[in-house]
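Chains as they are written, first to last, in the working numbering: chain C, 1 to 194; chain V, 1 to 194.
Derived by calculation from the structure, the hints in this document are not laboratory data.
As the structure is a prediction and not an experimental result, all values here were calculated from the model.
Treat each hint with caution, since some may be false.
Identical copies carry no separate label here, and so any pair may be met within one copy or between two of them.
As the list claims (entries may be wrong) - Straight-line alpha carbon distances no greater than 20 Å define the calculated EDC-like cross-link-like pairs of lysine to aspartate or glutamate that follow:
1) K128 / D139
2) K81 / E96
3) K164 / E181
4) K81 / D192
5) K91 / D192
6) K99 / D191
7) K118 / E96
8) K62 / E94
9) K100 / D8
10) K99 / D113
Spelled out from the first residue to the last, the chains are:
Protein chains: 2
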Amino acid sequence: MKHIKPIDKNHCGVLLNLGGTVLVSAGVSGDWDVMPASWACNLDYNPGKATLVMDSTHYTRKLMDNSEYFSLQVATTGIAKETLYLGSVSKFDEPEKLKKSGVELFTMPGFDDVPLVKGAAAWLIFKKVSEPHNEKTYDLFIGECVGAWADDRVFDNGQWHFDKAPELRTIHYVTGGQFYEIGAPINVNVDDML
Amino acid sequence: MKHIKPIDKNHCGVLLNLGGTVLVSAGVSGDWDVMPASWACNLDYNPGKATLVMDSTHYTRKLMDNSEYFSLQVATTGIAKETLYLGSVSKFDEPEKLKKSGVELFTMPGFDDVPLVKGAAAWLIFKKVSEPHNEKTYDLFIGECVGAWADDRVFDNGQWHFDKAPELRTIHYVTGGQFYEIGAPINVNVDDML
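Please build the complete structure, drawing on both the sequences and the hints.
Take a look at the structure:
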């Protein structure tokens, strides 16, 4: 836990900006679930908000429907296999899914029912914003960030840098078990055009 | 144009799944604008839908408000500088913005007022789905995909592969002129866990 540092929750957007696969988690009275999702996105700053598409067939959705909170966690190369497993098995079919996945879970003070996954690059906890029409019509949830943390080996001073811990590179799902890792930084300057 | 191949618009989701920066464009009677956005995301399959957050201060937003269509285009290393420029200058201040950006534009048959940018890796045209509450409250737009194309050097058979044309790698914006390029593929298999 020594590398997990808090991030200003009003500036949590940069944690999701790379657009990689996230792990979504939710819990109700100790009944926890975690699953991956690609369809999560920033929505606003100050306060930080995000959207998440979560189909009604998922166990995690059932928990989200009955909880005030959910979390989005930035999945990484180091837990790519666990991430794919968590999306390949439903807790409806396999009650021991989390144990079998091999992930190690932890919680943050004040959010005892929101499981977080070790080995992610960042962790964001959202309070649901009630939008029944979006949830019903599009399975689209909106959350307001109430807590955010990042691994300071790869995120510091508002910037990502993966050279110190390549196992914490973000992963971006395609299909059929294939991800792409995030690659090299490129710095662009347009001062000569302005 | 010889590498631009149509993609089934019901399966356009995989074109946006890597989560990179997109170029948003819209047009009204020949008045066109293009700007980058990180806050675009898949919403549904069959028909393909996506969400886009577009602040009301942007010229592109003004065009979107007055048009039936908008496009999302997957930005690439080869046009990273143009992409940053298009986000650094507003057409409200610089009417010659598109010309000065250096991008080459084209259109697709049936969508004469939706400018598309050469050098992107994929192009998706969306018809707006009317959701006044989301647009007003969150600057959140929903579109249904009505046309999709990809560069067949990097997207074929439903899969991305960037080895043939590294200049078409997706780019993922952080802040302050810094992007990350997409990196190496990683293939994960969980058959031993199921």
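A quick look at each hint next to the structure:
no., hint, in the structure
1, K128 / D139, "both (13 Å within a copy, 18 Å between copies)"
2, K81 / E96, "within (17 Å within a copy, 49 Å between copies)"
3, K164 / E181, "both (15 Å within a copy, 18 Å between copies)"
4, K81 / D192, "between (45 Å within a copy, 11 Å between copies)"
5, K91 / D192, "between (55 Å within a copy, 18 Å between copies)"
6, K99 / D191, "between (52 Å within a copy, 17 Å between copies)"
7, K118 / E96, "within (18 Å within a copy, 49 Å between copies)"
8, K62 / E94, "within (15 Å within a copy, 50 Å between copies)"
9, K100 / D8, "neither (34 Å within a copy, 37 Å between copies)"
10, K99 / D113, "within (17 Å within a copy, 53 Å between copies)"
Of the numbered hints stated above, the single one contradicted by the structure is hint 9.
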